[in-house]
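Engineer: Work out the full structure: start from the sequences and follow the hints.
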Amino acid sequence: MLKTDFLIIGSGIAGLTYAIKTAEFHTDKHITIVTKSDEGESNTKYAQGGVAVVLDSRSDSFDKHVGDTLKCGDGLCDREVVEFVVRQGPQRLQELIQWGANFDINEKGFYKLGKEGGHTASRVIHHKDITGFEIERALLKRVHQLPNITFLTDHFAIDLIVGTKSKRCCAGAYILDIKTNKVKALRSSSVLLASGGIGQVYGHTTNPIIATGDGIAMAYRAGAVITDMEFVQFHPTVLYQKESGSSFLISEAVRGFGAYLRNIEGKRFVFDYDDRGEMASRDIVSRAVFNELMTQEEDFVFLDCTHLDMRLFKAHFPTIYDKCLKEGINVAADPVPVSPAAHYICGGIQVDKNGKTSVSNLFACGESSRTGLHGANRLASNSLLEALVYAHRIFEYQKSVFPAERMIIGEYEVQKVQWTDKLNKVETLKTELQKIMRHYTGIVRCDSGLRKAGDKVNVLKREIEMLFIKEQRSIALYELRNMVDTAELIINQSALRKENRGGFYNIDNIAKELHLV
40 MLKTDFLIIG SGIAGLTYAI KTAEFHTDKH ITIVTKSDEG ESNTKYAQGG VAVVLDSRSD
100 SFDKHVGDTL KCGDGLCDRE VVEFVVRQGP QRLQELIQWG ANFDINEKGF YKLGKEGGHT
160 ASRVIHHKDI TGFEIERALL KRVHQLPNIT FLTDHFAIDL IVGTKSKRCC AGAYILDIKT
220 NKVKALRSSS VLLASGGIGQ VYGHTTNPII ATGDGIAMAY RAGAVITDME FVQFHPTVLY
280 QKESGSSFLI SEAVRGFGAY LRNIEGKRFV FDYDDRGEMA SRDIVSRAVF NELMTQEEDF
340 VFLDCTHLDM RLFKAHFPTI YDKCLKEGIN VAADPVPVSP AAHYICGGIQ VDKNGKTSVS
400 NLFACGESSR TGLHGANRLA SNSLLEALVY AHRIFEYQKS VFPAERMIIG EYEVQKVQWT
460 DKLNKVETLK TELQKIMRHY TGIVRCDSGL RKAGDKVNVL KREIEMLFIK EQRSIALYEL
520 RNMVDTAELI INQSALRKEN RGGFYNIDNI AKELHLV
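When we follow the working numbering, the leftmost residue of the sequence shown carries the number 40, and every step to the right adds one.
One or more hints might be untrue.
[What the hints assert, rightly or not] Only pairs whose alpha carbons sit at most 27 Å apart, straight line, appear in this in silico BS3-like list of lysine-lysine:
#1 Lys68 to Lys180
#2 Lys151 to Lys103
#3 Lys491 to Lys154
#4 Lys110 to Lys537
#5 Lys392 to Lys103
#6 Lys474 to Lys491
#7 Lys495 to Lys464
#8 Lys362 to Lys281
#9 Lys491 to Lys110
Just so you know, these hints were derived from the structure itself, not from any lab.
Structural biologist: If you want it as C-alpha coordinates, here you go:
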(Lines of atoms letter the chains of each structure in order from A and count residues from 1; the text may use other names and numbers.)
(Lines give C-alpha, C1' and ligand atoms only; values in the text may rest on other atoms or scores of the structure.)
Protein backbone atom coordinates (compact mmCIF):
# COMPACT_ATOMS: atom_id res chain seq x y z
CA MET A 1 0.00 0.00 0.00
CA LEU A 2 1.22 3.48 -0.90
CA LYS A 3 1.23 6.24 1.74
CA THR A 4 1.16 10.01 1.72
CA ASP A 5 0.41 12.68 4.32
CA PHE A 6 -1.90 14.82 2.19
CA LEU A 7 -3.78 13.47 -0.81
CA ILE A 8 -5.27 15.89 -3.35
CA ILE A 9 -7.54 14.66 -6.14
CA GLY A 10 -7.57 17.27 -8.89
CA SER A 11 -5.04 19.77 -10.25
CA GLY A 12 -6.98 22.98 -10.82
CA ILE A 13 -6.71 26.24 -8.89
CA ALA A 14 -8.24 24.75 -5.72
CA GLY A 15 -5.97 21.70 -5.46
CA LEU A 16 -2.78 23.46 -6.52
CA THR A 17 -3.28 26.43 -4.18
CA TYR A 18 -3.87 24.10 -1.24
CA ALA A 19 -0.86 21.97 -2.24
CA ILE A 20 1.48 24.97 -2.34
CA LYS A 21 0.40 26.32 1.04
CA THR A 22 0.52 22.89 2.69
CA ALA A 23 3.93 22.02 1.23
CA GLU A 24 5.44 25.35 2.26
CA PHE A 25 4.24 24.96 5.86
CA HIS A 26 4.67 21.19 6.35
CA THR A 27 8.15 20.90 4.87
CA ASP A 28 8.61 17.46 6.45
CA LYS A 29 5.33 16.08 5.06
CA HIS A 30 4.53 14.59 1.69
CA ILE A 31 1.77 15.91 -0.58
CA THR A 32 0.47 13.83 -3.49
CA ILE A 33 -1.66 15.27 -6.30
CA VAL A 34 -3.64 12.77 -8.38
CA THR A 35 -4.98 13.77 -11.80
CA LYS A 36 -6.46 11.55 -14.46
CA SER A 37 -4.98 13.56 -17.33
CA ASP A 38 -1.84 15.69 -17.51
CA GLU A 39 -1.09 18.06 -14.67
CA GLY A 40 -2.42 21.16 -16.41
CA GLU A 41 -5.78 19.83 -17.58
CA SER A 42 -8.62 21.19 -15.46
CA ASN A 43 -11.66 23.47 -15.58
CA THR A 44 -9.39 26.25 -14.32
CA LYS A 45 -7.38 26.13 -17.54
CA TYR A 46 -10.45 27.12 -19.58
CA ALA A 47 -11.63 30.02 -17.38
CA GLN A 48 -11.65 33.06 -19.64
CA GLY A 49 -13.10 35.89 -17.55
CA GLY A 50 -11.03 36.23 -14.40
CA VAL A 51 -11.21 36.63 -10.62
CA ALA A 52 -13.88 38.85 -9.07
CA VAL A 53 -12.16 40.90 -6.39
CA VAL A 54 -12.60 44.42 -5.00
CA LEU A 55 -9.52 46.48 -5.90
CA ASP A 56 -10.88 49.95 -6.71
CA SER A 57 -12.24 51.53 -3.52
CA ARG A 58 -13.38 54.65 -5.40
CA SER A 59 -16.00 52.92 -7.54
CA ASP A 60 -16.39 49.62 -5.70
CA SER A 61 -16.62 48.20 -2.19
CA PHE A 62 -16.89 44.91 -0.33
CA ASP A 63 -20.52 45.72 0.41
CA LYS A 64 -21.29 46.12 -3.30
CA HIS A 65 -19.62 42.79 -4.15
CA VAL A 66 -21.47 41.08 -1.31
CA GLY A 67 -24.75 42.61 -2.49
CA ASP A 68 -24.22 41.50 -6.09
CA THR A 69 -23.41 37.96 -4.94
CA LEU A 70 -26.49 37.75 -2.72
CA LYS A 71 -28.77 39.10 -5.45
CA CYS A 72 -27.41 36.67 -8.01
CA GLY A 73 -27.79 33.77 -5.55
CA ASP A 74 -31.50 34.58 -5.31
CA GLY A 75 -31.86 34.34 -1.54
CA LEU A 76 -30.03 31.04 -1.02
CA CYS A 77 -26.49 32.24 -0.31
CA ASP A 78 -24.96 31.90 3.14
CA ARG A 79 -24.32 35.58 3.95
CA GLU A 80 -21.50 34.84 6.38
CA VAL A 81 -19.69 32.82 3.71
CA VAL A 82 -20.23 35.56 1.12
CA GLU A 83 -18.83 38.16 3.51
CA PHE A 84 -15.57 36.37 4.32
CA VAL A 85 -14.95 35.15 0.75
CA VAL A 86 -15.35 38.67 -0.66
CA ARG A 87 -13.27 40.31 2.06
CA GLN A 88 -10.40 37.81 1.73
CA GLY A 89 -10.25 38.34 -2.03
CA PRO A 90 -7.50 40.99 -2.23
CA GLN A 91 -5.15 39.05 0.06
CA ARG A 92 -5.61 35.77 -1.77
CA LEU A 93 -5.12 37.52 -5.12
CA GLN A 94 -1.86 39.04 -3.87
CA GLU A 95 -0.57 35.52 -3.14
CA LEU A 96 -1.31 34.52 -6.73
CA ILE A 97 0.66 37.52 -7.94
CA GLN A 98 3.55 36.63 -5.64
CA TRP A 99 3.58 33.14 -7.15
CA GLY A 100 4.01 34.70 -10.58
CA ALA A 101 0.52 35.08 -12.06
CA ASN A 102 0.30 38.03 -14.47
CA PHE A 103 -2.78 40.20 -14.92
CA ASP A 104 -3.50 42.95 -17.43
CA ILE A 105 -2.38 46.47 -16.53
CA ASN A 106 -3.52 49.75 -18.08
CA GLU A 107 -1.36 52.63 -19.28
CA LYS A 108 -1.39 54.19 -15.78
CA GLY A 109 0.00 51.04 -14.19
CA PHE A 110 -3.24 49.94 -12.54
CA TYR A 111 -4.87 46.56 -13.03
CA LYS A 112 -7.52 46.51 -15.74
CA LEU A 113 -10.87 45.50 -14.27
CA GLY A 114 -13.63 43.98 -16.39
CA LYS A 115 -17.35 43.97 -15.77
CA GLU A 116 -19.55 40.91 -16.18
CA GLY A 117 -23.21 40.02 -15.80
CA GLY A 118 -24.66 40.63 -12.34
CA HIS A 119 -21.84 42.96 -11.25
CA THR A 120 -22.59 46.62 -10.48
CA ALA A 121 -18.91 47.61 -10.71
CA SER A 122 -15.83 46.68 -12.72
CA ARG A 123 -14.00 44.19 -10.48
CA VAL A 124 -12.90 41.25 -12.61
CA ILE A 125 -9.12 41.06 -12.81
CA HIS A 126 -7.95 39.15 -15.86
CA HIS A 127 -5.17 38.08 -18.20
CA LYS A 128 -6.60 38.83 -21.65
CA ASP A 129 -9.20 36.08 -22.26
CA ILE A 130 -7.08 33.21 -20.91
CA THR A 131 -7.01 34.06 -17.20
CA GLY A 132 -7.41 30.47 -16.04
CA PHE A 133 -4.58 29.31 -18.28
CA GLU A 134 -2.27 31.98 -16.82
CA ILE A 135 -3.20 31.12 -13.23
CA GLU A 136 -2.66 27.41 -13.88
CA ARG A 137 0.75 28.15 -15.42
CA ALA A 138 1.89 30.16 -12.38
CA LEU A 139 0.62 27.63 -9.86
CA LEU A 140 2.26 24.68 -11.64
CA LYS A 141 5.55 26.54 -11.78
CA ARG A 142 5.44 27.08 -8.01
CA VAL A 143 4.39 23.47 -7.35
CA HIS A 144 7.44 22.19 -9.22
CA GLN A 145 9.68 24.30 -6.99
CA LEU A 146 8.52 22.39 -3.90
CA PRO A 147 10.30 19.03 -3.44
CA ASN A 148 7.67 17.52 -1.11
CA ILE A 149 4.90 17.58 -3.75
CA THR A 150 4.50 14.57 -6.05
CA PHE A 151 2.28 14.51 -9.14
CA LEU A 152 0.58 11.28 -10.18
CA THR A 153 -0.53 12.14 -13.70
CA ASP A 154 -2.60 9.66 -15.72
CA HIS A 155 -3.99 8.26 -12.47
CA PHE A 156 -7.73 7.88 -11.97
CA ALA A 157 -9.31 7.99 -8.51
CA ILE A 158 -11.88 5.17 -8.49
CA ASP A 159 -13.30 5.39 -4.97
CA LEU A 160 -12.51 6.72 -1.52
CA ILE A 161 -11.36 4.40 1.24
CA VAL A 162 -13.82 4.90 4.09
CA GLY A 163 -14.61 3.24 7.39
CA THR A 164 -17.87 1.65 8.46
CA LYS A 165 -21.25 3.37 8.27
CA SER A 166 -21.18 4.00 12.01
CA LYS A 167 -17.88 5.89 11.72
CA ARG A 168 -17.49 7.47 8.31
CA CYS A 169 -13.80 8.33 8.09
CA CYS A 170 -11.77 8.74 4.90
CA ALA A 171 -8.41 6.98 4.89
CA GLY A 172 -7.31 7.51 1.30
CA ALA A 173 -8.41 6.39 -2.14
CA TYR A 174 -8.17 3.57 -4.64
CA ILE A 175 -6.17 4.89 -7.58
CA LEU A 176 -5.88 3.37 -11.06
CA ASP A 177 -2.60 3.83 -12.90
CA ILE A 178 -3.96 4.34 -16.41
CA LYS A 179 -0.67 3.39 -18.10
CA THR A 180 -0.22 0.07 -16.27
CA ASN A 181 -3.92 -0.77 -15.59
CA LYS A 182 -3.03 -1.49 -11.96
CA VAL A 183 -5.14 -0.32 -9.03
CA LYS A 184 -3.32 0.98 -5.97
CA ALA A 185 -4.58 1.74 -2.49
CA LEU A 186 -3.16 5.13 -1.56
CA ARG A 187 -3.61 5.86 2.12
CA SER A 188 -3.53 9.36 3.57
CA SER A 189 -4.36 11.20 6.77
CA SER A 190 -6.19 13.87 4.77
CA VAL A 191 -7.98 13.76 1.43
CA LEU A 192 -9.00 16.85 -0.53
CA LEU A 193 -11.48 16.50 -3.39
CA ALA A 194 -10.76 19.29 -5.86
CA SER A 195 -11.90 17.44 -8.95
CA GLY A 196 -13.92 20.12 -10.78
CA GLY A 197 -17.27 20.06 -12.50
CA ILE A 198 -19.91 17.88 -14.12
CA GLY A 199 -20.39 19.38 -17.59
CA GLN A 200 -19.92 16.14 -19.53
CA VAL A 201 -23.11 14.82 -17.92
CA TYR A 202 -24.86 17.14 -20.39
CA GLY A 203 -22.50 16.64 -23.31
CA HIS A 204 -23.06 20.14 -24.69
CA THR A 205 -20.83 22.02 -22.27
CA THR A 206 -18.05 24.54 -21.83
CA ASN A 207 -16.22 22.03 -19.61
CA PRO A 208 -13.32 19.86 -20.81
CA ILE A 209 -13.75 16.15 -21.49
CA ILE A 210 -12.46 15.29 -17.98
CA ALA A 211 -15.39 17.03 -16.18
CA THR A 212 -17.41 13.91 -15.38
CA GLY A 213 -18.43 14.62 -11.77
CA ASP A 214 -15.87 12.22 -10.33
CA GLY A 215 -15.34 13.93 -6.97
CA ILE A 216 -19.03 14.47 -6.27
CA ALA A 217 -19.86 10.88 -7.20
CA MET A 218 -17.04 9.42 -5.08
CA ALA A 219 -18.09 11.50 -2.08
CA TYR A 220 -21.71 10.45 -2.59
CA ARG A 221 -20.78 6.77 -2.60
CA ALA A 222 -18.66 7.36 0.53
CA GLY A 223 -21.69 8.72 2.37
CA ALA A 224 -20.94 12.45 2.22
CA VAL A 225 -23.83 14.92 2.12
CA ILE A 226 -24.46 16.33 -1.37
CA THR A 227 -26.76 19.35 -1.77
CA ASP A 228 -28.09 21.93 -4.26
CA MET A 229 -27.39 19.76 -7.31
CA GLU A 230 -30.49 21.15 -9.02
CA PHE A 231 -28.67 24.44 -9.55
CA VAL A 232 -26.84 23.80 -12.80
CA GLN A 233 -25.64 27.03 -14.37
CA PHE A 234 -25.85 27.34 -18.13
CA HIS A 235 -23.65 29.87 -19.87
CA PRO A 236 -25.76 31.85 -22.36
CA THR A 237 -23.08 32.61 -24.95
CA VAL A 238 -21.29 29.54 -26.26
CA LEU A 239 -20.15 29.43 -29.88
CA TYR A 240 -22.86 27.52 -31.71
CA GLN A 241 -21.84 24.16 -33.13
CA LYS A 242 -24.10 21.40 -34.40
CA GLU A 243 -22.01 18.69 -32.80
CA SER A 244 -22.32 17.74 -29.13
CA GLY A 245 -19.33 17.81 -26.83
CA SER A 246 -17.08 20.44 -25.29
CA SER A 247 -17.88 23.82 -26.82
CA PHE A 248 -16.00 27.09 -27.04
CA LEU A 249 -17.06 29.72 -24.52
CA ILE A 250 -17.57 33.35 -25.54
CA SER A 251 -16.71 35.03 -22.26
CA GLU A 252 -19.30 37.06 -20.39
CA ALA A 253 -16.67 39.79 -20.38
CA VAL A 254 -17.45 40.31 -24.09
CA ARG A 255 -20.93 41.50 -23.09
CA GLY A 256 -19.33 43.55 -20.34
CA PHE A 257 -17.17 45.08 -23.07
CA GLY A 258 -20.36 46.20 -24.84
CA ALA A 259 -21.51 43.37 -27.12
CA TYR A 260 -25.24 42.99 -27.81
CA LEU A 261 -27.41 39.87 -27.92
CA ARG A 262 -29.79 39.89 -30.87
CA ASN A 263 -32.37 37.38 -32.04
CA ILE A 264 -32.68 36.13 -35.60
CA GLU A 265 -34.62 39.28 -36.49
CA GLY A 266 -31.86 41.54 -35.18
CA LYS A 267 -33.70 42.70 -32.06
CA ARG A 268 -31.89 43.19 -28.74
CA PHE A 269 -34.24 40.96 -26.79
CA VAL A 270 -32.79 40.61 -23.27
CA PHE A 271 -34.35 43.91 -22.14
CA ASP A 272 -37.73 42.20 -22.58
CA TYR A 273 -36.75 39.95 -19.65
CA ASP A 274 -34.64 42.20 -17.40
CA ASP A 275 -33.91 45.92 -17.31
CA ARG A 276 -30.17 45.16 -17.06
CA GLY A 277 -30.27 43.70 -20.55
CA GLU A 278 -27.13 41.80 -21.52
CA MET A 279 -25.63 42.50 -18.09
CA ALA A 280 -28.27 40.55 -16.18
CA SER A 281 -27.12 37.44 -14.31
CA ARG A 282 -26.50 34.22 -16.23
CA ASP A 283 -29.67 32.45 -15.20
CA ILE A 284 -31.82 35.29 -16.56
CA VAL A 285 -29.85 35.70 -19.80
CA SER A 286 -29.81 31.93 -20.41
CA ARG A 287 -33.59 31.68 -19.97
CA ALA A 288 -34.05 34.70 -22.24
CA VAL A 289 -31.97 33.03 -24.95
CA PHE A 290 -33.81 29.73 -24.42
CA ASN A 291 -37.19 31.44 -24.78
CA GLU A 292 -36.11 33.18 -27.97
CA LEU A 293 -34.91 29.90 -29.44
CA MET A 294 -38.16 28.14 -28.56
CA THR A 295 -40.36 31.00 -29.79
CA GLN A 296 -38.56 31.48 -33.09
CA GLU A 297 -37.69 27.79 -33.56
CA GLU A 298 -34.02 28.56 -34.08
CA ASP A 299 -30.83 26.88 -32.88
CA PHE A 300 -28.93 30.04 -31.98
CA VAL A 301 -29.08 33.79 -31.39
CA PHE A 302 -26.38 36.31 -32.26
CA LEU A 303 -23.75 38.07 -30.19
CA ASP A 304 -23.11 41.31 -32.03
CA CYS A 305 -19.66 42.87 -31.60
CA THR A 306 -19.55 44.76 -34.89
CA HIS A 307 -20.02 48.18 -33.25
CA LEU A 308 -17.07 47.75 -30.88
CA ASP A 309 -13.55 49.14 -31.19
CA MET A 310 -11.85 46.16 -32.87
CA ARG A 311 -8.35 47.26 -31.93
CA LEU A 312 -9.26 47.11 -28.26
CA PHE A 313 -11.37 43.97 -28.77
CA LYS A 314 -8.45 42.07 -30.33
CA ALA A 315 -6.15 43.18 -27.51
CA HIS A 316 -8.60 42.10 -24.81
CA PHE A 317 -10.01 38.93 -26.44
CA PRO A 318 -7.32 37.58 -28.79
CA THR A 319 -8.23 33.92 -28.25
CA ILE A 320 -11.93 34.52 -28.90
CA TYR A 321 -11.20 36.64 -31.98
CA ASP A 322 -8.86 34.01 -33.46
CA LYS A 323 -11.22 31.12 -32.69
CA CYS A 324 -14.11 32.87 -34.44
CA LEU A 325 -11.89 33.65 -37.41
CA LYS A 326 -10.93 29.97 -37.68
CA GLU A 327 -14.66 29.15 -37.75
CA GLY A 328 -15.17 31.60 -40.62
CA ILE A 329 -16.60 34.40 -38.47
CA ASN A 330 -15.09 37.87 -38.74
CA VAL A 331 -16.15 39.44 -35.44
CA ALA A 332 -15.64 42.93 -36.88
CA ALA A 333 -18.27 42.36 -39.56
CA ASP A 334 -20.28 39.28 -38.63
CA PRO A 335 -22.49 38.57 -35.60
CA VAL A 336 -21.38 35.46 -33.69
CA PRO A 337 -23.94 32.60 -33.46
CA VAL A 338 -24.29 31.51 -29.82
CA SER A 339 -26.45 29.22 -27.70
CA PRO A 340 -26.45 28.18 -24.02
CA ALA A 341 -24.45 25.22 -22.70
CA ALA A 342 -23.92 23.57 -19.32
CA HIS A 343 -21.21 25.54 -17.54
CA TYR A 344 -21.05 25.22 -13.73
CA ILE A 345 -22.63 23.26 -10.89
CA CYS A 346 -23.52 25.54 -7.96
CA GLY A 347 -24.18 22.61 -5.64
CA GLY A 348 -21.96 19.69 -4.75
CA ILE A 349 -20.28 18.17 -1.71
CA GLN A 350 -21.55 20.10 1.29
CA VAL A 351 -18.72 21.60 3.33
CA ASP A 352 -18.53 23.80 6.39
CA LYS A 353 -16.60 27.07 6.61
CA ASN A 354 -13.33 25.13 6.89
CA GLY A 355 -13.99 22.96 3.85
CA LYS A 356 -14.85 19.87 5.95
CA THR A 357 -17.35 17.40 4.54
CA SER A 358 -19.65 15.19 6.62
CA VAL A 359 -17.02 12.41 6.34
CA SER A 360 -14.12 12.73 8.76
CA ASN A 361 -10.72 13.56 7.20
CA LEU A 362 -12.39 14.35 3.86
CA PHE A 363 -12.33 17.92 2.55
CA ALA A 364 -13.63 19.46 -0.67
CA CYS A 365 -12.79 22.66 -2.50
CA GLY A 366 -13.59 24.34 -5.81
CA GLU A 367 -16.47 23.44 -8.11
CA SER A 368 -17.03 20.00 -6.59
CA SER A 369 -17.91 21.61 -3.25
CA ARG A 370 -21.02 23.41 -2.04
CA THR A 371 -19.90 26.19 0.30
CA GLY A 372 -22.99 28.43 0.37
CA LEU A 373 -21.30 31.21 -1.62
CA HIS A 374 -23.24 30.77 -4.84
CA GLY A 375 -26.71 29.99 -3.58
CA ALA A 376 -29.07 29.34 -6.49
CA ASN A 377 -26.84 30.95 -9.11
CA ARG A 378 -23.13 31.82 -9.24
CA LEU A 379 -22.09 35.42 -9.81
CA ALA A 380 -19.66 35.57 -12.73
CA SER A 381 -15.97 35.11 -11.82
CA ASN A 382 -16.72 34.24 -8.19
CA SER A 383 -15.62 30.62 -8.72
CA LEU A 384 -11.86 31.22 -8.91
CA LEU A 385 -12.18 33.53 -5.91
CA GLU A 386 -14.01 30.84 -3.94
CA ALA A 387 -11.34 28.26 -4.76
CA LEU A 388 -8.54 30.54 -3.58
CA VAL A 389 -10.28 31.45 -0.33
CA TYR A 390 -11.40 27.94 0.62
CA ALA A 391 -8.03 26.38 -0.25
CA HIS A 392 -6.57 28.84 2.25
CA ARG A 393 -9.22 28.15 4.90
CA ILE A 394 -8.70 24.38 4.68
CA PHE A 395 -4.95 24.90 4.97
CA GLU A 396 -5.38 27.20 8.00
CA TYR A 397 -7.76 24.76 9.68
CA GLN A 398 -5.46 21.80 9.19
CA LYS A 399 -2.51 23.82 10.42
CA SER A 400 -4.12 23.97 13.84
CA VAL A 401 -5.67 20.49 14.09
CA PHE A 402 -3.14 18.20 12.45
CA PRO A 403 -1.91 15.72 13.54
CA ALA A 404 -4.54 15.65 16.30
CA GLU A 405 -7.26 14.17 14.09
CA ARG A 406 -5.17 11.49 12.46
CA MET A 407 -6.55 8.00 12.63
CA ILE A 408 -4.89 4.60 12.68
CA ILE A 409 -5.40 3.12 9.24
CA GLY A 410 -5.42 -0.58 8.70
CA GLU A 411 -4.37 -2.45 5.59
CA TYR A 412 -6.79 -2.63 2.66
CA GLU A 413 -7.04 -5.28 0.02
CA VAL A 414 -7.63 -4.13 -3.55
CA GLN A 415 -10.19 -6.11 -5.50
CA LYS A 416 -8.67 -7.78 -8.52
CA VAL A 417 -10.51 -7.12 -11.77
CA GLN A 418 -10.24 -8.27 -15.32
CA TRP A 419 -9.41 -5.23 -17.42
CA THR A 420 -10.58 -4.43 -20.90
CA ASP A 421 -11.01 -1.26 -22.92
CA LYS A 422 -13.22 -2.92 -25.55
CA LEU A 423 -16.52 -1.62 -24.25
CA ASN A 424 -18.32 -0.13 -27.22
CA LYS A 425 -21.56 -0.11 -25.23
CA VAL A 426 -20.14 2.43 -22.78
CA GLU A 427 -20.08 5.18 -25.39
CA THR A 428 -23.65 4.34 -26.40
CA LEU A 429 -24.85 4.54 -22.80
CA LYS A 430 -22.96 7.81 -22.28
CA THR A 431 -24.60 9.39 -25.33
CA GLU A 432 -28.02 8.25 -24.11
CA LEU A 433 -27.40 9.74 -20.65
CA GLN A 434 -26.39 13.08 -22.15
CA LYS A 435 -29.53 13.18 -24.30
CA ILE A 436 -31.70 12.49 -21.25
CA MET A 437 -30.07 15.24 -19.22
CA ARG A 438 -30.22 17.84 -21.98
CA HIS A 439 -33.84 17.08 -22.75
CA TYR A 440 -35.29 16.79 -19.25
CA THR A 441 -32.97 18.69 -16.87
CA GLY A 442 -31.87 21.69 -18.90
CA ILE A 443 -32.55 25.41 -18.50
CA VAL A 444 -36.31 24.82 -18.18
CA ARG A 445 -37.70 21.67 -16.51
CA CYS A 446 -41.07 20.16 -15.64
CA ASP A 447 -42.35 17.52 -13.20
CA SER A 448 -43.23 14.91 -15.81
CA GLY A 449 -39.87 15.36 -17.51
CA LEU A 450 -38.01 14.85 -14.26
CA ARG A 451 -39.96 11.65 -13.61
CA LYS A 452 -39.11 10.37 -17.09
CA ALA A 453 -35.47 11.30 -16.59
CA GLY A 454 -35.39 9.42 -13.29
CA ASP A 455 -36.88 6.29 -14.85
CA LYS A 456 -34.52 6.35 -17.83
CA VAL A 457 -31.42 6.95 -15.69
CA ASN A 458 -32.40 4.05 -13.41
CA VAL A 459 -32.43 1.78 -16.45
CA LEU A 460 -28.99 3.04 -17.48
CA LYS A 461 -27.70 2.52 -13.95
CA ARG A 462 -28.77 -1.13 -13.98
CA GLU A 463 -27.04 -1.67 -17.31
CA ILE A 464 -23.84 -0.13 -15.96
CA GLU A 465 -24.02 -2.33 -12.87
CA MET A 466 -24.26 -5.39 -15.12
CA LEU A 467 -21.08 -4.34 -16.90
CA PHE A 468 -19.30 -4.13 -13.53
CA ILE A 469 -20.61 -7.55 -12.50
CA LYS A 470 -19.08 -9.00 -15.67
CA GLU A 471 -15.78 -7.44 -14.52
CA GLN A 472 -15.19 -5.70 -17.84
CA ARG A 473 -13.82 -2.36 -16.81
CA SER A 474 -12.36 0.74 -18.40
CA ILE A 475 -11.75 4.38 -17.57
CA ALA A 476 -14.77 5.22 -19.70
CA LEU A 477 -16.93 2.87 -17.62
CA TYR A 478 -15.73 4.33 -14.32
CA GLU A 479 -16.41 7.82 -15.63
CA LEU A 480 -19.86 6.77 -16.82
CA ARG A 481 -20.67 5.39 -13.37
CA ASN A 482 -19.72 8.78 -11.91
CA MET A 483 -21.79 10.61 -14.51
CA VAL A 484 -24.86 8.48 -13.80
CA ASP A 485 -24.52 8.98 -10.04
CA THR A 486 -24.20 12.73 -10.63
CA ALA A 487 -27.19 12.75 -12.99
CA GLU A 488 -29.28 10.90 -10.41
CA LEU A 489 -28.43 13.56 -7.82
CA ILE A 490 -29.41 16.37 -10.19
CA ILE A 491 -32.71 14.72 -11.09
CA ASN A 492 -33.69 13.74 -7.54
CA GLN A 493 -32.83 17.09 -6.02
CA SER A 494 -34.59 18.90 -8.87
CA ALA A 495 -37.74 16.91 -8.13
CA LEU A 496 -37.59 17.95 -4.47
CA ARG A 497 -37.39 21.69 -5.15
CA LYS A 498 -40.87 23.19 -5.28
CA GLU A 499 -39.92 26.81 -5.94
CA ASN A 500 -37.99 28.45 -8.74
CA ARG A 501 -34.76 30.06 -7.65
CA GLY A 502 -31.80 31.32 -9.66
CA GLY A 503 -30.62 28.70 -12.12
CA PHE A 504 -33.46 26.30 -11.29
CA TYR A 505 -36.66 26.81 -13.28
CA ASN A 506 -39.54 24.33 -13.33
CA ILE A 507 -42.55 25.49 -15.35
CA ASP A 508 -44.90 23.49 -13.12
CA ASN A 509 -43.77 25.52 -10.11
CA ILE A 510 -45.23 28.66 -11.73
CA ALA A 511 -48.69 27.06 -11.74
CA LYS A 512 -48.25 25.96 -8.12
CA GLU A 513 -47.22 29.45 -7.05
CA LEU A 514 -50.32 30.88 -8.75
CA HIS A 515 -52.46 28.13 -7.16
CA LEU A 516 -53.55 26.93 -10.59
CA VAL A 517 -52.94 23.29 -9.67
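Engineer: All the hints need checking, so say for each whether the structure fits it.
Structural biologist: Here's how the hints hold up against the structure:
{"no.": "1", "hint": "Lys68 to Lys180", "in the structure": "holds (20 Å)"}
{"no.": "2", "hint": "Lys151 to Lys103", "in the structure": "holds (19 Å)"}
{"no.": "3", "hint": "Lys491 to Lys154", "in the structure": "violated (40 Å)"}
{"no.": "4", "hint": "Lys110 to Lys537", "in the structure": "holds (20 Å)"}
{"no.": "5", "hint": "Lys392 to Lys103", "in the structure": "holds (22 Å)"}
{"no.": "6", "hint": "Lys474 to Lys491", "in the structure": "holds (12 Å)"}
{"no.": "7", "hint": "Lys495 to Lys464", "in the structure": "holds (16 Å)"}
{"no.": "8", "hint": "Lys362 to Lys281", "in the structure": "holds (16 Å)"}
{"no.": "9", "hint": "Lys491 to Lys110", "in the structure": "violated (33 Å)"}
In the structure shown, a violation is registered for the earlier hints numbered 3 and 9, in ascending order.
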